[in-house]
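Here is what each chain is made of, one letter per residue.
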Amino acid sequence: MEITVVGVNHKKAPVELREKLAFDAKTLPAALDVLRGAAASTEEVILSTCNRVEAYFLGSGDEDVIARFLAAHHGRTVEEVRPVLYRHAGLGAVRHLFEVASSLDSMVVGETQIIAQVKQAYFAAKEAGHTGRVFNPLFQRALAVAKRIHSETGIVERSVSVPSVAARLAEKIFQGLAGRRVLVLGAGETGALTLAALRERGVRDVTVVNRTVERARGLAEEAHGLEDLPAVLPRADIVIACLSCERPVLGPAEVRTALRARRNEPMFIIDIAVPRNVDPEVDHLDDAYLFNIDDLQETVNQNLLEREQEMARCAPLIEEEAGAAFRETATIDVQEVLTRLRSAFEAVGDEELKRTLARLESLSGSQREEVQALVHRIVSKLLHPPTTAIKTEAANGQAQRLIELASRLFDLK
Amino acid sequence: MIDTILVHVAIAAFAAAATLGFESVRRRRADLMLSARGVTGAAVLVTIAVLLRRGVELGAFPVVSLYETHLFIAALLSAVAVVMDMARRLPILTVGAAPLSFLSLLVGALVGHAEGPPSEMVKSAWSGLHVLAVLAAYSAFGLAFVSGVLYLIEQRQLKAHAAPDALGVLPSLETCRRLTVGAMAVGVGLLTAGIVVGYLYARRVSLPHGWRLDPKVWGATLTWAVYLVALGLSFVPAFRGRRTAMASVACFVVVMVTFWAAAFWSNFHRFL
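Keeping their order, the protein sequence lines are chains A and B.
Take the first sequence: its letters are residues 861 to 1273, numbered as in the numbering used here.
Take the second sequence: its letters are residues 11 to 282, numbered as in the numbering used here.
Derived from the structure by calculation, the hints contain no laboratory data.
Take the hints with a grain of salt, since some may be wrong.
[Said to hold, decoys possible] Selected chain A positions facing chain B (Cβ under 7 Å, derived; list incomplete): (1) 1028; (2) 1035; (3) 1124; (4) 1159; (5) 1271.
[To be verified] Non-contacting residues of chain B with respect to chain A, defined by C-beta distances greater than 12 Å in every case (computed): (6) 18; (7) 215; (8) 227.
Nothing here was measured: the structure is a model prediction, and the numbers come from that model.
Positions of the beta carbon are idealized from the N, C-alpha and C atoms, including for glycine.
For reference, chain A alone in the conformation it holds in the complex:
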């Protein structure tokens, strides 16, 4: 029985196919039961996120088996699913799990959502009774390795999206964002994403100004038309400009007036519109801090590059941890096989001993003990070479072959 993972991710399949293969929390326990039967496995975890669907199992299934399982569960065809699947087994599967949990295999390297998703998938499988001696320590170790990677490398340190860079900049200007007032110029999606990043950091007071007030109400309760902009601008600590228009709607004069009205409290202006909504001259005002889409994107690109470079530092850590984890899982198998082997030999020895002693009633007590000791010594000596060989191979991470052989040779169940 080998640790195996078969799945599909953003590198091999388009989002249209991935979303059709996703599992939801309600159907997951039943899916795990089906997977157990399909892959002839003893432990299973299904990880389903927007960028991947992976089946981890302790069994002998291959891509064909999992393709049939996924196709049957989601009403697709095997021909549709099979070509985009990948498979890793043994040490490769352990390494893949650790890379996934550490976000090294994510679409955005260093994203922190995946660790919670792996945790959720593991706990769902555990609660449904689909994890055991191997997957419990393995997945717990995967989560620990992810935390180690995050703390010992710079993989998660820098913001890699325009909204998160904008939110970090706001935190460099203001002492905390809770209680800050945000003005959104325009009601487009990019503005909404930036607003969401600010809301995550505590912003609650939001005003939207748009050409059509009805559309603005979709983003916030307080909505105004463009004509109200001079009146609402002074109240804003942060301005997100994302209006579709040919010419700037905010110039130095308007911002200077607004700053004066707010007693020169600083104003952070994020201009993510193209063409720009804010005249670049505004940046020359002392208490106005203007960042446009190019400034933010340049930071994002630089940060992505640095995260990619950090991956080189992660590889040896992953290799070290995966190797240690794989050897530990091999040890679990080894201990079980050796226990079963000894039990099988001792069972034969005890049965023959019982039969023989029943025929030799004339033996004294000490003679009976001598015969019992003889049988136990024979059993121990016969077991010694295979036990030593299996333990030696386990230390090198190569015990799987011998375990299977021993199971077949001695009919271990």
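Dock chain B against the given chain A, drawing on the hints supplied.
Just chain B, lined up with the frame of chain A:
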């Protein structure tokens, strides 16, 4: 002998703390920052130990000359910085204060302490209170200087569209501004108290005529005046932000000039 050794240990510790702090910022290592705080704390304790020994030796509040003044300011500045760092998660304060404390202690060690019994005047509680208030005020102004410099650095970086991660452990502009104004306010309050106590004590002991013309008295009054003006202007909208930060830096130069000039030319503030 022991005091000399202890002072040298404290100097080395502040230097190490400054290096650790700088490296923690450069390499983004939280463990180095933790070490910097610990070493700064140890340096403060050693400096306080020297001052306590000096106090016992003098039988008075242990600040009677330039030597003790520098030790006192070094200890107080870093102690306040570390406490505020830990309370408000502002590691940059420890990073900024450690080198200033190192310099202060080094100057004190180079000046050396004068021998001889102290004047009876310094054995009074009035004198101790006066010195404590004035030196605490100067330390507060030192903190305002540090936060003012941080404000100016960060504002310049933001105007150059630096990435947020490039700004490292610098606190937000608003935090720097509040620290600057708060430290100036505390400093003005303490200096007011120090000047008033000093004035009342001078009248109580009937100092000879002319004490009002002492350079140290003028220096302290000038310092008080410029900081009061700077503090008042910080509440005027047109002077908020960058101008307040520049004022806190410029006023600290006044502190340094009046402190040193007055120290050399003062007649009434020599107690050994």
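message: If I take the minimum Cβ distance from residue 18 of chain B to any residue of chain A, is it greater than 12 Å?
response: Non-interface label on residue 18 of chain B holds, nearest chain A Cβ at 37 Å vs cutoff 12 Å.
Cut-off 7 Å, beta-carbon criterion: hint that residue 1159 of chain A touches chain B: Holds, because the Cβ-Cβ distance from residue 1159 of chain A to chain B comes to roughly 4 Å (cut-off 7 Å).
field: Least C-beta distance from residue 227 of chain B to chain A larger than 12 Å
entry: With a cut-off of 12 Å, residue 227 of chain B remains clear of chain A, as the shortest Cβ separation is near 37 Å.
message: Just want to verify: residue 215 of chain B was marked as not at the interface with chain A; is every Cβ pair farther apart than 12 Å?
response: 47 Å, holds
Minimum beta-carbon distance criterion (7 Å), residue 1271 of chain A to chain B: This interface hint is violated because 56 Å lies over the 7 Å limit.
message: Does residue 1035 of chain A hold up as a contact with chain B if the rule is Cβ-Cβ below 7 Å?
response: 4 Å, holds
message: Tell me if the interface restraint on residue 1028 of chain A is satisfied: Cβ within less than 7 Å of some Cβ in chain B.
response: Hint on residue 1028 of chain A: holds, closest Cβ of chain B at ~4 Å, below 7 Å.
- prompt: Should the hint that residue 1124 of chain A touches chain B count as held when the rule is a Cβ pair under 7 Å?
  reply: At 4 Å from the nearest chain B Cβ, residue 1124 of chain A passes the 7 Å test, so the hint holds.
When the structure is compared with the earlier hints, a violation turns up for hint 5 alone.
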